[in-house]
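Participant: Here the structure of chain A is known, so what remains is to put chain B in place on it, guided by the hints.
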Amino acid sequence: MNIFDKFDKLVQAGQKLEQEFGAFFQVVMDEILSSTEAVINGKKVILAGTNNYLGLSMDPECIEAACQATRQNGTGTTGSRMANGTFSGHVQLEKALSNFLGCSNTIVFTTGYGANLAVLSSLAGPGDIALLDADCHASIYDGCRMGGAEMFRFKHNNMEDLEKRLSRLQKRKTNILIIIEGLYSMLGDRACIREIVELKEKYGAYLLVDEAHSLGVLGENGRGLAEEAGVSDKVDFITGTFSKSLGATGGFCSSNHQQLEILRYASRPYIFTASPSPSNIASARKALEIITKRPDLRTRLWQNTNALYDRLSSLKLNLGPEPTPIIPVRFTDPHEALRVWKGLLAKGVYVNMVLPPATPDGSAFLRCSMSASHTPEQVSAIGDAFEALTAG
Amino acid sequence: MGEEREVLGKIIQILKPMVPEDTEITPETDLATDLSIDSLKSMEILAQIEDTFDISIPINVLAEVRTVEDLATQIKKLI
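First to last, the protein sequences are chains A and B.
The first sequence begins at 1 in the working numbering and counts up by one.
The second sequence begins at 1001 in the working numbering and counts up by one.
Since the hints were derived computationally from the structure, they do not count as laboratory data.
Some clues are possibly wrong.
Claimed, not checked - List of simulated lysine-lysine pairs, BS3-like, C-alpha gap at most 27 Å:
#, chain 1, residue 1, chain 2, residue 2
1, B, 1076, A, 164
2, A, 171, B, 1077
3, A, 16, A, 6
4, B, 1041, A, 9
5, A, 164, B, 1016
6, B, 1077, A, 155
7, B, 1076, B, 1016
8, B, 1016, A, 173
9, B, 1010, A, 155
10, A, 164, B, 1010
11, B, 1076, A, 173
12, B, 1010, A, 171
13, A, 6, B, 1041
14, A, 155, B, 1016
What the hints assert, rightly or not - In silico contact screen, one side only, chain A against chain B (beta carbon under 7 Å); selected entries:
#, residue
15, 151
16, 152
17, 168
18, 169
19, 171
20, 228
21, 362
Using N, Cα and C, we set each Cβ at its ideal position, and we do this for glycine too.
In isolation and in its complexed conformation, chain A is listed as follows:
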């Protein structure tokens, strides 16, 4: 018996997936032409499966900020925030995020995954209760597990189920942290945040909203779902990532609980990792400025979103529950999803393919995501490709 034997089942499952869906796992972006175009296998394709909602990964101002920071401060920080890894840029970005979100405190982390891991593993400790929407991201599950809190799931966006659980758990007389996402990454739907806030208040719980996919996308100022729903002041903690609308890599947690600062001493994923690189910090800061001064990007994103959602709806495809920049096209048969996915790529359109068990309901998704940078012609081309492959 060797140390890898425990992966036997996973290896078998992986080999089966490789045999059946190998083409998907072999995608390499040979060249990035713009935020909406790349070269894959020597062929120019439209990127309709990224999280580049505002197209800022290729924004000239963001790129220039990243280059300048690299020239000034180097390619990496070579240390933890606790030691030599706090540069003035990290502190300035934390202030900028606090101002942007209307919070008193912000901590920046090296990745979005790391932000959830760091925050949840510290906040939700032994004796506490983490009550999460079943569709929450793996980073939320992992963070709660690492912290040692008792974890309970409620059915996705099901308020009756959430209240039933709160009502039972309230008897424990301990801290309950409800965890939801602004936009869920697979189905693209919003959390029922107003109702959740009402329940949180009724049962005296805390609320953490992961705005990973909704920052820059929802709300009048792009602050996310809490802003859009008018409940920002009721949310205890906001986490998020720089790797979607901000086009970089990194993560954060913002709060009006000033005690958030204790996480800098309590959170192992914050302490025992190198801080984000100067280029990531600088481009994220620039992207945040752009989000603030260019609401037209959000307008274009939603125009593109509505145009593609309407087009795909007209093809009678089984889509996610509401039009948002994440548009899953759902297939009961994963092999049919693969056929369409391959066909799309051949027609010059790249989307994500999501297979069970990663999907919430056992179906397979072709997950499209829209960007403010898509042109109307590109949106039409994506719709045309789907029509050609799914007609009849």
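Facilitator: Just chain B, lined up with the frame of chain A:
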């Protein structure tokens, strides 16, 4: 012992409608491999068990659950 059997019996009653009609369910039945219970079904089953016993089942304890009997043991601890 009697209480344990009662818990086991109730769990089997909850599982029965979730699996094909002729499936035999014993304490040794493996929930994942013998009954092919996926994550959605498992949420439904747990919700029914929670309602039946008026308990909250933390998902942390499920890592130790493989068989029907394992599940009954964990439920018993929570009652």
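Participant: Does residue 164/A pair with residue 1010/B here, judged by a C-alpha cut-off of 27 Å?
Facilitator: Cα-Cα ~21 Å, so holds.
Participant: So, residue 228/A near chain B? Judge it on the closest CB pair being under 7 Å.
Facilitator: violated, 28 Å
Participant: Given residue 152/A was flagged as interface, is its beta-carbon under 7 Å from a beta-carbon of chain B?
Facilitator: holds, 6 Å
Participant: Does residue 168/A pass the interface hint, meaning its C-beta sits closer than 7 Å to a C-beta of chain B?
Facilitator: With a minimum Cβ separation of about 5 Å from chain B (threshold 7 Å), the hint on residue 168/A holds.
Participant: For the pair we were handed, residue 155/A and residue 1016/B, check the Cα-Cα distance against 27 Å.
Facilitator: Distance of about 22 Å is within 27 Å: holds.
Participant: Does residue 16/A pair with residue 6/A here, judged by a C-alpha cut-off of 27 Å?
Facilitator: holds, 17 Å
Participant: Measure nothing beyond the straight line between the CA atoms of residue 1076/B and residue 164/A; if it is 27 Å or shorter, mark the hint as holding.
Facilitator: holds, 21 Å
Participant: Decide if the proposed pair is consistent with the structure: residue 164/A and residue 1016/B, CA atoms, cutoff 27 Å inclusive.
Facilitator: holds, 24 Å
Participant: Residue 1076/B and residue 173/A were given as a pair; does the straight-line alpha-carbon distance stay at or below 27 Å?
Facilitator: holds, 22 Å
Participant: Against the 27 Å threshold, does the CA-CA distance of residue 6/A and residue 1041/B hold or violate the hint?
Facilitator: holds, 26 Å
Participant: Given the hinted pair residue 1077/B and residue 155/A, is their alpha-carbon gap at most 27 Å?
Facilitator: At roughly 24 Å apart (the allowed maximum being 27 Å), residue 155/A and residue 1077/B satisfy the hint.
Participant: If you take the shortest Cβ to Cβ gap from residue 151/A to chain B, is it below 7 Å?
Facilitator: Because about 5 Å separates residue 151/A from the closest Cβ in chain B, which is inside the 7 Å limit, the hint holds.
Checked against the numbered hints above, the structure breaks hints 8, 19 and 20 and satisfies the rest.
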